[in-house]
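Enquirer: Based on the sequences and whatever the hints tell you, model everything.
Going down the list, the protein sequences come from chains A and B. Be aware that the first sequence starts at 1, since it is given in the working numbering, and climbs by one per residue. Be aware that the second sequence starts at 1, since it is given in the working numbering, and climbs by one per residue.
Misleading hints may appear alongside valid ones.
[Said to hold, decoys possible] With a straight-line cut-off of 20 Å between C-alpha atoms, the simulated SDA-like cross-links for lysine to any residue are:
| no. | chain 1 | residue 1 | chain 2 | residue 2 |
| --- | --- | --- | --- | --- |
| 1 | A | 125 | B | 48 |
| 2 | A | 125 | B | 45 |
| 3 | A | 64 | B | 45 |
| 4 | A | 270 | B | 70 |
Because the hints were derived from the structure by calculation, they are not lab data.
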Amino acid sequence: MRELPRVVVTGLGVVSPLGTLPRFWEELRAGANGFVPIDWFDVGAAPPATVARVRDWQPKDHIKPAALRRMDRFSQMVVGACRMALADARLELTPARAEETGVVVGAAYGNLSETEAFLRGLIVKGPALANPMLFPNLVLNAAAGYVAIELGLRGPNFTVCRNETSGEAAVALAYDTIVCGHADVVVAGGGDEVSPVLFHVNKDLGTLSPGRRGAAGHEWSSPFDRDRNGMILGEGAAMLVLEREEHARARGAAPYAELAGYATCTVPSKPHLWPRPSAAAPRVMAAQLRALRGADEIDAIVSCANSTRDLDAFEAAHLAGLLGESAGRALVTSVKGAVGEFGGSGALGTAVAALALRDGLLPPLAALQRPDPACTLRLASAEVATLPMRAALVSGSARGGACTALLLRQP
Amino acid sequence: MPSGPQVVVTGLGTVNALAGSVHEFATALRAGTCAIGPVTVFDTTGYRSRIAAEVPHELAEAPSGPGAALRRRLSRSDVFALRAAAEALADAGLPGDVAPERIGLALGGTTGGMLRGEASLRARIQGTRDRYPSAAVVGAPISASADVLADAFDVAGPRLSLSTACSSSANALGAALDWIALGRADVVVAGGTESLCRMTFAGFNALHALSLEPCRPFDRGRSGLSLGEGAAILVVESAEHAARRGARAHAELLAYGNSADAHHLTAPHPEGTGAILAMRRALERAGLEPDAIDYINAHGTGTPLNDAVEAAAIAAVFGDAAPHLAVSSTKGAVGHTLGAAGAIEALATILALRDGFLPPTVNLDDPDPACLLDLVPRTSRPAALRYALSNSYGFGGNNTSVVLGHA
Chain A
1 MRELPRVVVT GLGVVSPLGT LPRFWEELRA GANGFVPIDW FDVGAAPPAT
51 VARVRDWQPK DHIKPAALRR MDRFSQMVVG ACRMALADAR LELTPARAEE
101 TGVVVGAAYG NLSETEAFLR GLIVKGPALA NPMLFPNLVL NAAAGYVAIE
151 LGLRGPNFTV CRNETSGEAA VALAYDTIVC GHADVVVAGG GDEVSPVLFH
201 VNKDLGTLSP GRRGAAGHEW SSPFDRDRNG MILGEGAAML VLEREEHARA
251 RGAAPYAELA GYATCTVPSK PHLWPRPSAA APRVMAAQLR ALRGADEIDA
301 IVSCANSTRD LDAFEAAHLA GLLGESAGRA LVTSVKGAVG EFGGSGALGT
351 AVAALALRDG LLPPLAALQR PDPACTLRLA SAEVATLPMR AALVSGSARG
401 GACTALLLRQ P
Chain B
1 MPSGPQVVVT GLGTVNALAG SVHEFATALR AGTCAIGPVT VFDTTGYRSR
51 IAAEVPHELA EAPSGPGAAL RRRLSRSDVF ALRAAAEALA DAGLPGDVAP
101 ERIGLALGGT TGGMLRGEAS LRARIQGTRD RYPSAAVVGA PISASADVLA
151 DAFDVAGPRL SLSTACSSSA NALGAALDWI ALGRADVVVA GGTESLCRMT
201 FAGFNALHAL SLEPCRPFDR GRSGLSLGEG AAILVVESAE HAARRGARAH
251 AELLAYGNSA DAHHLTAPHP EGTGAILAMR RALERAGLEP DAIDYINAHG
301 TGTPLNDAVE AAAIAAVFGD AAPHLAVSST KGAVGHTLGA AGAIEALATI
351 LALRDGFLPP TVNLDDPDPA CLLDLVPRTS RPAALRYALS NSYGFGGNNT
401 SVVLGHA
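Expert: The following block contains the structure:
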């Protein structure tokens, strides 16, 4: 096979519990988080009662009123993030270019709140009164469809679902879509929305943090902490403009980073559980990673660690196994102590890796107090670290055992 | 793009309303049987339409063998996927000596474990239970069936669930093709699974898209679609890999093309521009001119708008040849299986190529003169086919065409 075309990241759009860009990046570096008490649905008597919530962004600044009225909240976040990403990339969408521009969105659940509303109406009022206006919004790819409609993008249009790593999976599929020649440009990323049902299910499963030990009532997300005791759910959307390098160069774009490729595999795991540390880092995935340009220059890692006992333990073993001897060199962070866990968190992590490469610094694990002694990684402490930043790895692993590691490097 | 290797389909499996195996499916397709009848999986009181192509009860029971340990957690979609995958893997002689990490998994679907999620939500609303039963909801995401298959069959390569509404599993075949071309896997287990549920039934019912009688694609009197359910799984690998391990090829998988209408979330573009783009992209990547295509398995849902737009799009791509081009829809037989439709119809297309027949458009009595194609009404016909196209279109304005060839 001939050498594959290179792919670069030329634009970023973020709708997050820490705001949009550039505020999101400033807040993240400053160690802020987007956690708020839930006051818009009944959470029950006992904690947890906190999520990371997208609050202060104005969809109407990005989406026309007529379209906004039809669009569910999750789609609004995705469409908004796409519009910001394309503006950031300064990509002029001529008709010819729009026809060759694709969209890949990753979401674990998508528009679950309207799904519940539709079903509630069906159950309470009966099928004759089921709301036909809601139904089209309930397909997982409604957001990607709205992106195509609002921005006129007629290239390949995919929506992928892979639990907490839906965002990483979307970026990976977008990479393949470009290198296989299906599109010159793909706007790729993902998102998800906090909904009552998702909150209650995770609460019942015991995966949510009930609060920091000794500090009653305050949920606490601290990836890789010795005392971590669960995740906090989050939401938002992050979309990246991925572009064939030649195409970006021809139009004079200034890339944040090169997306050098990805490594992926499935490790043994029950479908509803995070995999065990013993399943971590199969040789085949480490070999895939080593084959990528820049794999020996990884200075930073944006990890999927979400403050659960299980995933963080797996991830520590996984990264150590994937990187071998160089695992001790790279500085490791996670965004989930700031924005929580959701299907698009890996897309947000990919945006963070791109920003880290541009600015040469990595946002901290702000809540980290006592690093887990079982974790041998070099964790980014409360200080924002400036370091030589040649390449950054985004590592995602999901319930059910699907793992993807995306490698970004200096363009 | 590097011109990829030749890719073939070496394993087939299905469960649908017509059949519990590929052999039964081929027989029923040739016979022109319609499997659309009364819905029994949930109460349809109060719906305009009360029919669908439902999988027989015994085929919706969790199978013994791989996946049985998960029995309690399996959704109806999971069960269909497990049964179809077991048949396809056995047919392909897998795993044999293929390393688990060289086997990928790409699955399409749109509702996952929704049927059970609905029941638990109903219980919660009606107060018979005051919590969301977590097992039901954690089993509900669209990615769950792929998780179940990976666990049951020890598939350790790349894994993806695609959800692009009714083109989901056609796009899963596309991902499989690209993975083989890029060397991400030697073998990909690809397809789709979908079960009937109240959400889609009520949604299409509310949109007045459900036909009151079994659907009649391309008929002048067509009045909507009939929903269906089931799964189809294809085992995809390079011809070289298949030959090396002595696997028989049922068909060649040449290319796919995808496009977005960028027009409307549910209505197709009136001129079919997205459908035209998808067919042209697929043909171009396959290196074929339109006149090489002998048969099209149409999306053909039976809604007035879809069939008219699809026929016009085919006419635009195939020009003067269109009136004589064999085009049929399998949905009169197995209903519209949404996320599984792309895979079930690719399977029908493969059987047509392999066994040399044109699957009929079941329930088509009075071909719409506005759809000027050879619509293979009612009865199958023998035909030697070299190349065929399978079209799948979905909500979101998503269009996918897959090119298949005689092995």
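Enquirer: Evaluate each hint against the coordinates.
Expert: Structure-based check of all given hints:
1. A/125 to B/48: holds (15 Å)
2. A/125 to B/45: holds (12 Å)
3. A/64 to B/45: violated (40 Å)
4. A/270 to B/70: Holds, at roughly 9 Å.
In this structure, the one hint that does not hold is number 3.
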